[in-house]
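Enquirer: Following the hints, put chain B in place on chain A, whose structure we already have.
As they're listed, the protein sequences go chains A and B. Position one of the first sequence corresponds to residue 1 (our numbering), numbered consecutively onward. Position one of the second sequence corresponds to residue 1 (our numbering), numbered consecutively onward.
Heads up, some of the hints might be wrong.
What the hints assert, rightly or not - Computed cross-link-like contacts, DSS-like style, restricted to lysine-lysine with a CA-CA straight-line distance of at most 27 Å:
id : chain 1 : residue 1 : chain 2 : residue 2
1  : B       : LYS650    : B       : LYS701
2  : A       : LYS299    : B       : LYS701
3  : B       : LYS485    : A       : LYS97
4  : B       : LYS482    : A       : LYS299
5  : A       : LYS97     : B       : LYS482
6  : A       : LYS369    : A       : LYS389
7  : B       : LYS238    : B       : LYS132
8  : B       : LYS485    : A       : LYS389
9  : A       : LYS299    : B       : LYS614
Hints were generated in silico from the structure; no laboratory data involved.
Residue-level listing of the chains:
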Amino acid sequence: MTNANLPKKLTKALLSAAVSAGLLLTLSTAADAGAREQAKRMYDRLAGVPPTNDELASMVTAMSTDATGRTAANIAMQNPNFLNVTVKNMFLPMTNKDQTVFYPFNDAAATLVGLVRDGDANPPMDFRQALYGDVIYTGTGGNPALPAYSQINNDHYAEMEKQNIPFSTGLVKQPSQTPFTGVPSAATSGVLTTRQSARAFFYAGTNRAMLRFTLLNYLCSDLEDVKDTTRIPDRIHKDVSRSPGGDSTVFLNTCVGCHAGMDGLAGAYAYYNWNYNVDSDPEGNDGSLTYAQGQVQTKYLQNNTVFPYGYVTTDDSWINYWRNGLNANLGWANNGTQAATVGNGMKSMNQELANTEAFARCQAVKVYKTVCFNEPTETVLGQLVSGFKTGGYNMKLLFADSAFSCRGN
Amino acid sequence: MIHNNENTHMHAKRIQWLPVRLGWLMLLASLTLAGCGGGASTTPQAVTNTSSSGGGGDTYAGPAPQTQDAQNFKTQVYDNLRGADRCGNCHTPGGNAAGFGFANRGDVNEAYTSALGYVDRTTPANSRIVQKFRTGSHFCWLGQTEQSACAALLETWLTNWLAPAGGGTTTIILTPNTGGNVGTGASFPTTAPGSYTQLHGLLTQFCSNCHVPNVAQSQQPFFAVADVQSSYTAATSKISLTTPNQSRLYLRLVQDSHNCWNLSDDAIAGPNCNTGASGAVGTIATPGTPSSGSKMLAAIQAVVDSLTASQVPVAQTTITSRAVNLLTDGITASAGNRNNANVIALYEFKSGSGVTVVDTSGAGVTQSNLTLSGTAGTDYEWLSSWGVRFLTANGKAVSTPAASRKIYDMITATGEYSIEAWVAPSNIAQQNAFIVSYSSNATNRNFTLGQNVESYRFYNRTANTAVTNNGEPFLQTDPNAKDLKASLQHVVVTYSNSAARRRIYVDGVYTGDVDGTAQGALSTWNNSYALIFGNEHSNNRPWLGTLRMVAIHNKALSGTEIQQNFDAGVGQKYFLLFNISNDGAGNPVAGVPTQSYIKFEVAQYDNFSYLFNKPTYVNLSGQDPSNLRIGEIRVGINGQEADVGQVFAKVSATINAPAYTTANGQELSALGGVLPLSRGPSQDMFFLSFKRLGSGPDSNKDYFPLASTASIIKTPTAASDVMVRNFEEINATLAALTSVPRTTASIGGTSGTYTTVYQQLPPIESINGFLSSHQMAVTQLAIQYCNVLADDTNLRTAYFNNGVANSLVNFGGMTLSSASDSAFTNRDRIITPLLDRVLNVSATATNLTSQPDPTAVRNELRTMIGLLADTTSCPGGSCPAARTTAIVKATCAAALAGAPMLLQ
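Bound conformation, chain B alone:
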């Protein structure tokens, strides 16, 4: 036997395989089986050795199990099925299906022997007795419409039986698949085909307000540009050649109602996304019927039809692996090493349909099932990747007090518990949103795990008198830490009546938020409450998001146990082996040893994508490869390489020892990535393509075409030719025009005018943004400059009198201490120096036509001075001497604070 040390992200287990003649075995041995002691176990809480939990009401009185495996079968499966209201009604001697006696009510050993014929020990989900529910309308004790729930429940019981804890190993047989042909596939030619004309017409007509580079609300991709080739290059990634109605160009209209347009050939006023004859928004349009969606789909279909008409086998255009399907060829890799030793209720959301959320814990005498409320598809939806998503405030899952009673009983017995959940909140804005509660209304509860913006909240009721019946004060994660994200997260809250009190763990890590409330017993819990997910019973605490798993333990899990469960992950995972010894047409690939595979860990990530993780080269034939070249791996779906998500496209490896070992193969990348789901896991056929593989020449497929140069060059937009000076230009201009330094304390000082008003001045030059408040600030600043100029002897002398001081206080020789009217006999002595600077009036040059007529301005200023210098306007007909200075300042400011200074 050869061992490897591969530690997968999926289940933290070691993978081993050994060659055998007929196939290969992969032994999944628990990596931490030894280390997972201390209670770690994949077996749920031990159940009583009676059949009462399986319904029926009577006690098993038959022979004891003859083997340990039969004992395990009895504990995990038989006791659950034996009841007369379950399988024991028919699958027992005397029943309608006595020939299939796996629920033989009188003899567990007979039942065990019979069951062995109907179970798949490798993949319990494939067991015939599980598939019976999946494929038909078999009797289901939960109700005939809950076939999926019964299947999920049975699968869990079988898994618990067949994947024992504590040192056991599960043998997984890796059948070396041969894979299928990749088949034909269309691809986009480099040059836009003629069939693109119709689509281009729609895009340029209805999308060019945004999806072009040179508009204010420009939005990539620029597929609405007039240039056909540029448009085509940008649009191809938004068209699905394999499933046209999954094209992003189409879905944006019919799913998101994204800027649909008015149609002339429908009977609807206003934009019509898909509400014409074809049906409601969100449904697939019928090409030809009048709606934006249908017209878009028809145009897309035209492109697809033209390209698929000339499609060729993919293997002719690039180097490919064989094709495989996830469900058919995938090898179950889950049954992660979770710590379920104290789980009392477990919800894995495997059903995928119906209204029952099944408690698959097997713990207690009842199942704490919940019933989904609201309209499927509208208020909630099942995830095929296991989960339930609450879409509106009407979506929730509710249990009953009776069904929830075991939670009360089993938690109050221990005085401690944990709520564990894999959640994906829809957003980080919702407040007071309750995810998992055991309560009666918004003010009475035993416990609640909730969301408030970017924090998790934990309410817990105790006997401590400081704690309300509502479990408050709540403990929450630090809002500044933003521990809650709108992404898949593992959150665990624990409580114990000890110093530890409440704790919150996110993604396996204790958040460090300390419970400020003293510990207390759970003796005040109320057993008339009921479990509820996604809201409160009073319907006023809706939570929008996805639940992928919820587990309730009657133990405060330790940090180690929580980390273990986080590492175990969530959801169904597979190993997917891509045969690369032969290409997509079945031909051997030169230089690649037989039974060469690239193994991926694959899971459905959510309803829209797959997770591909950790590609590893393995050889199952025992031939160690030598210098096997593998370069640039891309994942293809249904004959087409995905346009987005090609995480492995940079992989470049040569398979050789020592990186390669027979036991472990050779890991090609430690990364994982998501790839868009196309037709769903049951139909999607995956293949790999390569730039190089083996000893043959590289693929000449061009994965990096250069785009047309026209697509993102922005063309200019015109604006006004005339602008205003901005704030600092105004300041500098006033300084230049008055000769007053801008650093003058009363201007640029700490409390100077400019320092005070600069943010009130125009921040930009655009004249469209010029406001009256800006003009007020301009005036204020101009007055201050003129103020300094008029009051500073040296400055004013130089400015108004060419530097010649001819009186104590002078402005061009005027005596300002006299009555103001006589002081302004020659007003031009003030005006001329200002206009020379502001209007660039020069004796040796013509006046600027871009400035006002100097004569007109001069006359305005003369008139203003005359009005202000009229002594009759002063009290008693006599103006104070200081008025003369004030008039000079006013004249200066009037000349400076206007458009001649401001515009440029």
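So that you can see chain A by itself, here it is in the shape it has in the complex:
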């Protein structure tokens, strides 16, 4: 029997009942919550599904013995849907330019989920590895068996999602990205050098998108937030007009605010590109990540007559002009009086970003919003960040602490 075969009258009746149940509920949610209600909420929000009565009882007991709530939260996090639903959907929007959650599971999301899962594994996974580690997670099992990882398609992960393979056991941490993505170990940079990240952020353009979305996704700051016109503009490429539409005030008051810092950092991506056939595959769906050591991608040199006196990228060096000025507030590690830090390549640049206070705060805010659907107060945020950092950047602690924090009164 299909849905269509249900008598219309029945459908109408059950809708009515559903609505009635909803109305009844509104009367009871405002009441103060007891331990059982708190446990239920924690479970709901961590696993995305309701607990069984047995699990609920176990959590109530755990909350009475562990005042931090972490033991109780761990019970909820044992549910496969914690990883397969809650965590996956928190990360999926971070793996595509449209920032949509309705996006196929992929190697970037898998690696992020794996880093959460193994936050308390042996050895524990430091979530900062998401930005600079030589790390990738692939799938295992499946019936039929999963297709092998491919540099030119996402079938491996799409099938994993289709079969709803539990990530608790079906995700395997690989020793290195290199056999999978082809990127040399020294050039790997966490999930940002996975196929999906490259497909999303190294596609066409000038690679600046990679920096913008790294800021958005991992520092919770868009370019507008970090705009500072007083930074030294010597790294701005030739492709940026200094007089858009014949009006240089636009450049001097707007463009330079982002480009001065951004172009300085985005030099780190100079050897990366998303390689695809622009004629047969204009969207780049079947492309692959390429890395050419020592060879600046031509996209860095295009439109070089727009401002012929601009910077010419000659290597993958980067410079961080945001350590000072307004963006010192991002909380750079070991920030002293130096004007700027410098380095070469994506790994070191992303280490610079991952070690900011903003990175830790961003993860805390994201997790808190995922499990509490709200933003933390400054006090709660401080506690979350502190626990996160002292716990070795273990994301599970953030989930547990956040869920416990908003468990209700």
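Expert: Using the frame of chain A, we list chain B on its own:
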């Protein structure tokens, strides 16, 4: 003589200098003079050796020029001035100004001798006979209000005479300037001064809806935060200490009408930017008069006044060079090596005022001048950096058929031509916008260079019958290539009646767009048309943007020639020498040899900025420096280092051989950058400041203060405490509550219900975004889960009967094949397993207060089953057996598809 190989961006020429006792000579030799053969020349199209082009109507019958230079003078200058309706009216024997006989109508040699006394061979623009127009109200044959146009024209003729093509060199004397004192300058203290209170009050009161970190429409800079120090740190770069009315905080109000506010002390309803007693929007407000702008300016002025009251000589706070002015101290570096051999009309927009756009080509018997139409300042504006900007659809420059006739004559004679222009389109959205046309209206033309979104278009009329009178089909650059940018670009379109046909070049490069129309002669051109810039004669093809130069050639320029003209650039450029041997107070700088300079290539970039390019250390005294340290160069304007645009602030060099050579000096940076214009090129005094220079200690000025930590930390925003499950959580929850795997084909399969409706389910948890359509999808999915559960024997047995199968088809022991009314005698056998899971009803625990009262829900479901199981509702009072299953599914779905499952 010492040669160097410096190849400048400006003019692609070699620069040479040699020491002399009284000064230094810089010889500008054409780098490609040998290579620019093949017709390359800086001399315009040869003109007839008569004076008819200069007006007056008669033919020169005096003695022949005695020298080659006199011959050049005659060709380039004299013939243009000799006419009785021009200089020849007065500056000739018997005239009112016979004593200044440079236009002696009867003797070119006399005129030549006289002219030598009034020209500046190094910088023709500085020639007395040019300056006469610039500084006074001298007779101008173009009209008394067109002094600038006459000056520009005369300057061009003199330049053509004095900068000959084909192997000649122009000697430019580099006078080693001593520069002036930098003087005093205010600077922002690290801590907010007390005078900032007034401004902070305005900012926090009127700007805090956006310019703070923790609002939805948060916008940098965060100068409206409550913390005074954080606000001050963010605001300083938006305040001009030297010209307060150029402060960005003020200009945003009065120029851009940016979120002005209501005032209680004006007579205007609504926001008042600057429309009070002080005048119209865009004008400088008078502090004290009621308007948002005036109040902002007054608050800025208070800060500036307090800081300037305690200002000290800049040289005391940092290491500086001497100060110089662009126009006074700059050394003209233009006269780029353009290929003008076949130019028949040239517009350089040098006038800077008036309504005449002068054709300075000197070609032909007439000048194809254009007249600007519209209101100056509103519909068009002159650029002091040479150019005209069309601001509205009313701005255009129009010629007449008679004045344009030479273009017809000279192009149809050769059958080929090029339109060359330096343009800066205002935007990349305008369509069918005509930049340069020779036409009569929107449907009839000889040629047009136009813009359509991000493409250049080229219309050309030919005798080919496939081509319309409108020059269509047009050739355009590939829209996907986006060759047109809202930035200064060099665009050339060429046509020849050959296989090459139409071509478009952008920034010196052929775009590769192939003309799909066959070649044709230009015999169908119409000589009654007129040249027009910025629109069509019918006023329905407006183009907004800046024209910096337009040249029309009666030759299809080659790719090499076009590249040459692109390399030559556009606009007036200077070498600016900053004396670093002495500091801004005149004191010698330790460890820096005398006559040490940092040479910049400088130009006014547009009406708002300067371009500083390629700093190079040079020494003009012959003393080669040794281990001269130069670090972190910043450009200062009028006593204040610019807040933005300090491209050279990372320069760090030690001047030494072999990087340094006596001939070339040592380049410090290959980069260039734009710096904001302050008071204008005639008044702005530039200086350089350094972190380190020579052998002295580094400047201790802190250029990298850390901002206050309070400024960008976002504070949380509260949202509802109750949310709905999102799409996949709903799916997983239904799977958990029914025990049906979500991978079941009818649910998660290719055409399964979840696959079909998942994007119709709530994408996020926010309850504010929950729609009725979401509820429909939830219901649909729940029904499918219940459907699978009820139809699968194993699942339903486990679910409803604790795994004990006691009949063929059973739901808790009910026989479903019987009449439905009797099947539901004990309805709780269906309801209880559902509620245990959905509401977490447990015999060993109290009911959840966060869920509905189980008894109430149970009663609702019982009632629903009773209604559905009533056989009287079935036809003939008898329900089919399948109805029993349907009722179970409905009960299941009613329990699952509601808020108890959905909310979390």
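Enquirer: Hint by hint, which ones does this structure get wrong, listed from lowest number up?
Expert: 2, 7, 8
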